[in-house]
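These protein sequence lines map, in sequence, to chains Y and R. Under the working numbering, think of the first position of the first sequence as 371, with each following residue one higher. Under the working numbering, think of the first position of the second sequence as 371, with each following residue one higher.
Incorrect hints may have been included.
Copies of one chain are not kept apart here, so a pair can be met inside one copy or by any two copies together.
Derived pair list, reagent style SDA-like, types lysine to any residue, alpha-carbon separation capped at 20 Å [stated by the list, open to error]: (1) LYS624 <-> LEU653; (2) LYS388 <-> GLU467; (3) LYS733 <-> HIS385; (4) LYS719 <-> ILE403; (5) LYS423 <-> GLU435; (6) LYS423 <-> VAL434; (7) LYS427 <-> PRO417; (8) LYS655 <-> GLU426.
To be clear, the hints were calculated from the coordinates, so they are not data collected in a lab. This one's a predicted model, so the numbers in the text were calculated from it and none came from an experiment.
2 protein chains.
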Amino acid sequence: MNTLNNQLFADRVNHVPKSFIREILKVASMPDITSFAGGLPNPLLFPVNELSKCAEKLFRERGVEVLQYGASEGYYPLREIIANRYNEKQNLNITAENILITNGSQQALDLIGKVFINPGDEVLLERPTYLGALQCFGMFESHYREVSFNDGGLDIDQLRIELTDGDVKLFYSVPNFQNPTGGRYTLENRLDIVNTLKEHDLVTIEDDPYGEISFSGDLFPTLYSFRPDKTILLGSFSKVISPGLRVGWIVANKEIISKLIIMKQASDLHTSNLTQQILYEYLTKYNLDQHISQIRKIYKNQRDVMFEAIQKYFPADVLYTKPEGGMFIWLTLPHRFNARKLLQLAMNKGIVFVPGDTFYASKPDEQTLRLNFSNIPENKITKSMKILGELLNT
Amino acid sequence: MNTLNNQLFADRVNHVPKSFIREILKVASMPDITSFAGGLPNPLLFPVNELSKCAEKLFRERGVEVLQYGASEGYYPLREIIANRYNEKQNLNITAENILITNGSQQALDLIGKVFINPGDEVLLERPTYLGALQCFGMFESHYREVSFNDGGLDIDQLRIELTDGDVKLFYSVPNFQNPTGGRYTLENRLDIVNTLKEHDLVTIEDDPYGEISFSGDLFPTLYSFRPDKTILLGSFSKVISPGLRVGWIVANKEIISKLIIMKQASDLHTSNLTQQILYEYLTKYNLDQHISQIRKIYKNQRDVMFEAIQKYFPADVLYTKPEGGMFIWLTLPHRFNARKLLQLAMNKGIVFVPGDTFYASKPDEQTLRLNFSNIPENKITKSMKILGELLNT
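Isolated chain Y (complex conformation) (with noise of 0.2 Å):
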């Protein structure tokens, strides 16, 4: 094979971090190993059979539609069912015309980053923050600027500090169960985060795949709704629904809208009308609310063993967060260990996760660590949980 000239490649290559997780993953999915490496929902919870009843319907009701081309912006009844929701649970005030379908929230954050990024803008990330974040704007070569991320929410001063100069342009948040810690801003902390906000100009990217997973079913509000027209809500079926066919959604004030839709075109025309339209259906036939009350209990109840196995197991000063939702949990080990070298030894015994270094924009913690509990039966966790409780007592 002859090489290609190197020059033909753009500057933005060497930006973007290759995947860890991706590597872990090969080995997460060979027989035998019990992988807390990924990020995926429980597959027992797919709604199977209702989405295959979607899907004869619509072949059978509106075929020809389905597979000709859409609109950019998305399937029109979706989007509207989308705002509805929100503004029945969210408390928002938005139509149809606030919301662009995606391909999963990872399309998001890749329109917006055509729609506002020039390279060498400024992008204040949490810390840790979403590896696939930090995938997608290395691609428009952002500079980063951090906040940590404690189990409440933002370090207040630290935004303060990171704002005084004026050059932020983009947050990038993720307020609900972040991936990675699973941490959750407090009420408190948004309203400091937004009165902190207030005097400045920058937009709020307000990532929120996991919000609805809240294992007491207790909703805080959202960013948006203080700050709707600096704010861009991003939400996704991938979590509460199927991460496989690729539908998410972007909430924003029309003028963003209609930028980011220019964007999506020019970007792959349009998401596919069938996977919408699926999800259409389900959502007018069946009811999410239940299925969402549905794994919320179970992925508790994985928490939970997950939880257990730590206390019992785990020497007494390992650090972990305590996530009210969602699919993470977040450790941190004493100074004694390094969690790739921990990884080593897990592999050995079987297990995978995923080294917490690679969620930080720069100076990673070597100490950390993710842990998924969602994917994983109750039984495996425990068994699993033991033996890194003996690697790391040993």
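Dock chain R against the given chain Y, drawing on the hints supplied.
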């Protein structure tokens, strides 16, 4: 609504041409309008029942797998079947590893832009060219050069001149039944092009959504076959099965594919498993060749009807291409006309088409227009072409 500080938007926002077609298509979807404007396949040819059966089987047999996250590079068996088809039909020598699945060809352009284009890089385009390419490359703030596309292919002298300084990084080419002209590179023209490119480093993007819709069934060799390490070949199911599913693909050497996969992951993780696997099922259970030969037959008839109407009703000095495939005819009006003015008159009579000026990177030819023949019943073609002819004769 508070408008945003305009400095928040990225420079690329001003480089993406608005699609005039979008505006026309809004008119086109009104009742009683005859639209020659769209680029839509004929929906009567969509294999609705077959795809419905595929979906039903999938949900029944692999529902959970289909609804879970999948690989960024695409569904392996689908990649394999696409590679094999090329090896069989086009005499290529590729494997699944040379294929990356995308959301239609439009996303392929986006991913290629991400891997190759820095702002200001020189991209060579056909004159006229596909509007979606202008929109996509606009996002990457590329500079354009142009080479004339006539009925038999590219102007080789111009091609040589544009390549002389060695600054062109990408050459965007649609060799078969191009949108908008319907033209196809002759075999001789292909050989001349490949010969001219020989001494150069640049990468050719060979966009080929229409190649198989060759009315006679003959296929010319791909540019990829001559220069596989420096050509990126794009294909799509949009014109031969269904555009609404949004599944296309990229063929390239493994070095290029590996860089494109990183961008695909950062852009939207992966293309919908459901749509990919439905197409895989279709390709294994049904005969795509038979389906394509039906498309060829019907589109050829529709083209013939349009030819007849031009000859019968249009002034003799209107020039037009003679496409041997695809979905479009390209007209060049005598100097006494202007296509946008004709469009105004035509709209008053309930007829729309796309003025050709929208397909030029620079110095648009305002005498040109594009007529779609794939998505209009034959009797409507004759009737509306007669009215257009009357407008041109008054």
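Here is how each hint holds up against the structure:
For a Cα distance limit of 20 Å, the shortest separation of LYS624 from LEU653 qualifies neither inside one copy, at 24 Å, nor across copies, at 41 Å. Proximity of LYS388 and GLU467 under a CA criterion of 20 Å is satisfied inter-copy only: 19 Å between copies versus 36 Å inside one chain copy. Only within a single protomer do LYS733 and HIS385 lie at most 20 Å apart by alpha-carbon distance; the minimum there is 16 Å, versus 36 Å between protomers. Taking identical chains as interchangeable, the C-alpha atoms of LYS719 and ILE403 lie at most 20 Å apart only when both belong to the same chain, with a minimum of 8 Å there against 68 Å between chains.
Proximity of LYS423 to GLU435 under the C-alpha cut-off of 20 Å is found in both arrangements, the shortest distances being 18 Å within a copy and 17 Å between copies. With identical chains, the CA atoms of LYS423 and VAL434 are at most 20 Å apart both within one copy (18 Å) and between copies (15 Å). Taking the shortest alpha-carbon separations for LYS427 and PRO417, both the intra-copy value of 16 Å and the inter-copy value of 16 Å come in at or below 20 Å. In the homo-oligomer, the alpha carbons of LYS655 and GLU426 lie at most 20 Å apart both inside one protomer (13 Å) and across protomers (18 Å), since each shortest distance falls under that limit.
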